[in-house]
Structures are given as structure tokens and as C-alpha cells.
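Those protein sequences? They're chains C and G, same order as listed.
Per my numbering: the first sequence = residues 1 to 414.
Per my numbering: the second sequence = residues 1 to 414.
Simulated from the structure, these hints should not be mistaken for lab results.
Among the hints, erroneous ones may be present.
Claimed, not checked - To give an idea of the chain G side of the interface with chain C (calculated C-beta under 10 Å), a few residues:
hint, residue
1, Arg53
2, Val56
3, Trp83
4, Ser156
In this text, all values refer to a predicted model and were calculated from it rather than measured experimentally.
The beta-carbon is built from N, C-alpha and C at its ideal position, and this holds for glycine as well.
There are 2 protein chains.
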Amino acid sequence: MGERIHATYWLETGGNPAQAAEVIAGEQSSGTFVALATETPELKARAGARVERLEVIDTASAPSLPSPKVSTRYTRCTLELSWPIENLGPCLPTLMATIAGNLYELRAVTGLRMLDLQLPPSFAAAYPGPAFGVEGTRRLAGVAHGPLIGTIIKPSVGLSAQETAQQVRELVAGGIDFIKDDELQSDGPNCPFDERVRAVMRVVNEAADRSGKKVMVAFNLTGDLDKMRRRHDLVLAEGGTCVMACLNSVGVLGLHELRRHSQLPIHAHRAGWGYLSRSPALGFDFAPLQKIWRLAGADHLHVNGLRNKFSEPDESVIAAARAVLAPVMPEAAMPAMPVFSSGQTGLQAHDTYAALGCADLIHTAGGGIFGHPKGVPAGVEALRASWHAAMEGVPLARHAERVPALAEALRFWR
Amino acid sequence: MGERIHATYWLETGGNPAQAAEVIAGEQSSGTFVALATETPELKARAGARVERLEVIDTASAPSLPSPKVSTRYTRCTLELSWPIENLGPCLPTLMATIAGNLYELRAVTGLRMLDLQLPPSFAAAYPGPAFGVEGTRRLAGVAHGPLIGTIIKPSVGLSAQETAQQVRELVAGGIDFIKDDELQSDGPNCPFDERVRAVMRVVNEAADRSGKKVMVAFNLTGDLDKMRRRHDLVLAEGGTCVMACLNSVGVLGLHELRRHSQLPIHAHRAGWGYLSRSPALGFDFAPLQKIWRLAGADHLHVNGLRNKFSEPDESVIAAARAVLAPVMPEAAMPAMPVFSSGQTGLQAHDTYAALGCADLIHTAGGGIFGHPKGVPAGVEALRASWHAAMEGVPLARHAERVPALAEALRFWR
Chain C
1 MGERIHATYW LETGGNPAQA AEVIAGEQSS GTFVALATET PELKARAGAR
51 VERLEVIDTA SAPSLPSPKV STRYTRCTLE LSWPIENLGP CLPTLMATIA
101 GNLYELRAVT GLRMLDLQLP PSFAAAYPGP AFGVEGTRRL AGVAHGPLIG
151 TIIKPSVGLS AQETAQQVRE LVAGGIDFIK DDELQSDGPN CPFDERVRAV
201 MRVVNEAADR SGKKVMVAFN LTGDLDKMRR RHDLVLAEGG TCVMACLNSV
251 GVLGLHELRR HSQLPIHAHR AGWGYLSRSP ALGFDFAPLQ KIWRLAGADH
301 LHVNGLRNKF SEPDESVIAA ARAVLAPVMP EAAMPAMPVF SSGQTGLQAH
351 DTYAALGCAD LIHTAGGGIF GHPKGVPAGV EALRASWHAA MEGVPLARHA
401 ERVPALAEAL RFWR
Chain G
1 MGERIHATYW LETGGNPAQA AEVIAGEQSS GTFVALATET PELKARAGAR
51 VERLEVIDTA SAPSLPSPKV STRYTRCTLE LSWPIENLGP CLPTLMATIA
101 GNLYELRAVT GLRMLDLQLP PSFAAAYPGP AFGVEGTRRL AGVAHGPLIG
151 TIIKPSVGLS AQETAQQVRE LVAGGIDFIK DDELQSDGPN CPFDERVRAV
201 MRVVNEAADR SGKKVMVAFN LTGDLDKMRR RHDLVLAEGG TCVMACLNSV
251 GVLGLHELRR HSQLPIHAHR AGWGYLSRSP ALGFDFAPLQ KIWRLAGADH
301 LHVNGLRNKF SEPDESVIAA ARAVLAPVMP EAAMPAMPVF SSGQTGLQAH
351 DTYAALGCAD LIHTAGGGIF GHPKGVPAGV EALRASWHAA MEGVPLARHA
401 ERVPALAEAL RFWR
């Protein structure tokens, strides 16, 4: 086939960078810690990972991560490796072991973070990618332009199915486009999935019958596979238009299986993203990971939001969102929607739009909607108006002169 | 039910530890960043996570992980939280989102590492645990006492199916108990799974017909679910006695599905363990994670080895191995076998045995066996003899006086 997989890392090493790069390439392909007679030059040429690029960035006097191999100088580099597809075939689970396996444990490594991933077309042939993406989501949600204005059921857990439906009733009446379950709320005895779906969809369907607009509700069906399939079927049967899964709970394998079964868009939550990304010297940027999730079938991907309440910096949020909006590979776009959340209000609309250049996204706010003194309808109107202003290039304060709900929102948003 | 889930963390915070603990408990249950009228005291008492224990360990002047919330003093604590099972039910995927979800991203957190996990009996009722464990593995491998002496096919990738079988032939003739595929080698075009299994099992079965001893080969079937099932069926049909999966590739959901389908022990590889554990201030100890993997069905769990070639310290290796040998919960032992690997020889036998007090384990060596000047049979004999000595309390050098293969091994092991 001749196809190769390329992964790029930020690498820190206390040793010689070129040697460290070769150790990493060896460990992740045909090599091991000791020289093997069976690793012939022919075999290495055929199956060995290749160091494509190694560029020194800077040095430090202390290691970012502990290693028994102590040094006085730690060199940080950009390292690009490539692998022949023949080593593994277009298989996402084995791809994970190849690009994100033992290498993170090596002694020569005192920092390793995956920055980028380029996959050959055979992956797109093996994995269908999102079934709905931007266009399918817009169609089902009845939102042709601008972001889907959304919110999250709160409290995260503890509401009964009926209480959840009551909250949905208020949101639907308020003109919301999109509602999601919390990532903690799947099928607990306090709020059984089936009961919740039936109660919520009764509200959503009644409103759709009246208004012609069906609010998209992402029901969190995270769980074991047979249960996810059964839960999906219930959502579909009740007329629902979206399901939600926690990526780090169901894994690449689980998401792919859900995608094979699903007739609805898959809203993908990143709960656990912190343990994969919080150390700048370890783990992953979201750009490479989200490609894998999209190949496995994610239609919507969480990216936090600008000035969010968590620790993720704005530049990381925007890089993630841009990655989600970019093609998975030149041969297969597999469009998906970034989902902005956490401490969001209309105040982030202009900056978010300016950074992305488009509004193919879901913008969810909790307090930014519920906190509006005139209630949920005014909160939804204000957030939507902010996006109108952003997309029209009108300053928020000026637009507020024409939209009283926005003017009032600007007094409590901060 | 009244059951609660308990998780313990090492926590570092730049703020007041009691406040940080409450923020974490809130984020992972009924709370959010803003006060909600709907989060009533009754709801919080029913669904809220509880701070069970908060003990200050020490303080530092700089944060372990970056946070926009800057402080002059960072307090490190032991934090134990508990959740009512009613929030989620006995569901491993939602458990992950609950105990290892958003909390790692909080601003108040500048370090968070999971140290312990105590699960209530309903999890053991919902998940069967390993089907074979120690006893089933010993029976299938024909090893009643002492460790299974094992090795890994090397080069990791690049050998053809026939070349792999040729290496297996040498190992089987040398008296090995256990052989595993590399985590990079599943079903790549260079060495297709089916061809490899057929070629290897021909060798293994022929030897078993002659000697009555069938070497256990852990075939790496990591991949998408339908392919894993089909590959398992082939291994079973060919008379194989073990399959291997990469945990971080197939996830808890994939492992559970494999367990439901499998009629063979599941050898669980931790590739990627580094990105979950390498920063001391982030991620996981193995003790809590391995409980989840065992509930999902892992029979054998990798733990590195003493004085391994990777960066994991010995105390972490031994803590992991002890955890794998301990019951998952008082009500359900779910015994599994720790697998020692990486830079292993007979020199680690005494220390490993002394630290564990038992030999219900798999000890794999590569160079420690292949490097023996008298060949593979002598390498296997020497490693096995080291364990005899360890279990009998005889010093290695003294035992070597009676075992020439060991005496010779002691001249090249280091």
C-alpha cells in the first residue's frame, strides 16, 4: 500500500535527542531495548518506525516528569514519527497502542505530548466517521444558520425523571435548540434512563406538534454495549434526535459500535479530558485525539469554551474547536460540530466567532440562560441575539439597544 | 440500597482544601459552579458526593500543574469522596465519568491522582470478573506451582506468520510455559492474525501431542469488537488457550464485551499506562484502575517488573502487583495474575517473591532467555531455577552450584 501514519510529539529528553527519537521509534515498532539478530536491516526497513523530523525547541535544567535517568540538561524538541500501515492495518484500537503505547513510559522521555496525527485514506475506508455531522444536526434540530443554542440539565444528578421533564418543559417553552443530559446522568436508579426519555420526549414531542420545531435532546446513554444499543432504540422510538456518550468511558471501540448501530447523531462528551491533557508535558493535545473520535463516529465534540470555569486555556479551546471543524484528512472531511460549554454566555459569542470564522457549533450555557431576570425565554433570546450580532459584525452593546433581553443580559453576564 | 462508592485521591490545591474538596464533590455529583435553586438540601443529601476524609500532607510554593487560579501556597491532601450507588447504578463506564471525569480539569485543582477505589457488592453482581484467574490459568498452562515462565515474540512487528511460528518452535522446544504477542502486533498485513494463529498453533499442538504440555500463547486480538470475537473463535478452534487485548485500546466496554464472549483467559496489556501515570501529580495509581479491569474480565494484568527498563519505580511495580493479587472487594475476590516484564531475568526472582509472598504470576523475559550462551532451553531452565531458589529460600549463587544453566546465566544477567 505504501501508506504511512504520521504522529508528531513534543518531546523532552535528558539524553541526546536523536538517540531518544530512535529509542522511541524502535520501541513502537520493530526494536526493543537489546539488539536482536532477528531484527535484520530488511525487517527494520520494512517495519521500523521512521524519524521524519526532529527539531530542537529549547532546553531546561530540570525534567518535567521524573525519570531514573538523571541529566543536567533536558532538551525539548518537535518529533515526527511515521509508521507503515502494513504494521497494523487501518485499526483504531491498534493505532492507539502504536502512537500512544509504551513510548510514554520510556526512561529517555521526561516529557511527551502528542500534537498532531495524520492518517492515510485507508482509515477513512475502514471507519465511516460521523453519520450526521454539521448538516445532519442542523436538519434534525431545525437550525439552518448560526449556532445551536443549548443548555445542560442541572443539577447534574438527583432530579427524578419527572423533575427533568419539568426543566425541559421550561427550556422548550423558552425557545432553546439543544439540551443535554449531564455526563454523570445515564441510567442511575434515581433517574432511570427509560423513564427520563419517555417523560422528556413527551414534552418535546408535544411542543413540536404545536410549533413544528423539535428541540434536540442529547440523552446520555453511556453504559455497557447492549444497554447503549437498547437505550438508543428507545430514544429513536420515542422520536428523539440525539444520543450522548462519554468518550473516555466507552472508548474508541464502544463509540465505533454505537456508530454502527445508531440512527441518531452522537454527542460526544470528553469527561476525563483533564487526566489526558492537564500536564503540559504529558498526554495529548485534542487535535490528534478528535480525529480518532470522529473516525469512530462522533458528530459533536466538547471543547470547553472561551474563559471557561475549568483550567483549560483559551488557546487550547480554540485549537481544539478549529481541529474539530477541519477535515479529518484531505480525502475525507468527516465534518463534526464543536460544543462550547462551561461558564458560557453571550459575552463569548464575538470572540468565538472571530476565532473560528463560522458558527457551525453548539453553544451551551447554564447560568447564562437560567440566570436571566426575565426568565429562560429572555436568556435564550439574549444568547441567540449575541450570536446574531457576532455574525453581523455588530458590537454587542449596540445590538442590545435593539434587543431588550440582551440589554438586560449584559447587566448580569460577566 | 444504601451502598456507596469510595474513591481516594492525592489532591493539590492553591485554595482552601476544604473548599476545594467541596467543589470537587459538587462537580462530580449534584453541584455546579453556580448555586442552583433546584439543588435543594434534600436533593444534595440524596445525590451529593460526600467528603469522607481530608487530611493535609504538606504544602508547596509552586503548583504541580498549571492553573489560571494562582496562589502562593499549594496544599497537598488525601481526599476521600463517596457517592451513593443510586446516582449511577453498578455501571463501569459511568463510574469512570463519576470518579475520573471533570474533576481533573478544575481550577482549584493543581494536582489530582487517584489512589484507591472501594466498590460495593452490586458491581460484582453486575460484572462477572475474570473467568479463569490464577487457578484456570494454571490448569490450562499445566503449571501447578511457581510462576509461569514466559517470553514475548520479538521483533515486536515485522516477522511474518511463519517466522513467528519458527520463533515459537524454538521457545516451545526450550520448555517455556507462556508466550505473548507484542502489543503492536494484532492483525497487520505484514503478519495476519489468522495466518499467525494457524502457524503458531500447529507448532504448539504438535509439541503438546508429543509431551502432553501445551504452551499458553496469548494472541493479541486487539481490534474492533466483531473482529476480536472472530479472532477469539479462531484461537479457540485451533486449540489455543489464551487471548490478549490492549486495555487502553479496547476500553472497559470492549474488555467487558470480550469477557462475555470469551472462553479463554484474557491477557491484559497496559500499553499507554505512561500517559495515565507518568506525572506523579496527575492520573492514576494502578491499584484503583486494575479493579475496574478485573471486574470487566482481565485474567492477567501487566505491572512492569522490578528494575525494569521503563521509568516506573519498583515501589509502584510492587504496589500494582499486590493490588492485582488482592481481592477486588471483600465480597468478591476475582483473583487475577500479575505479569512481570521489561528487563527481567532470574535476578529479580528473589525480590519479587519476597515482596509478594507468592508466585501466582507470569514472569516474562526476552534477553534474559534468548541471551543465554547455551540457548533458549538453558535460558528457560535458569529463569525457572531462580524461582525455585527464591521459593525455597536458597540464595541464587548457592542454587547455581547445582544448576549449571543458572551458573552460566549469572555470568550474563545484569
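Each hint tested on the structure:
Interface hint status for G/Arg53: violated, as the beta-carbon distance to the closest one in chain C is roughly 22 Å, over 10 Å. Interface hint at G/Val56: violated, since its Cβ lies 22 Å from the closest Cβ of chain C, which is beyond the 10 Å cut-off. The restraint placing G/Trp83 at the interface with chain C holds, with a minimum CB-CB distance near 9 Å, inside the 10 Å limit. Taken as an interface hint, G/Ser156 checks out: its beta carbon lies about 6 Å from the nearest beta carbon of chain C, inside 10 Å.
Of the numbered hints listed earlier, those contradicted by the structure are 1 and 2.
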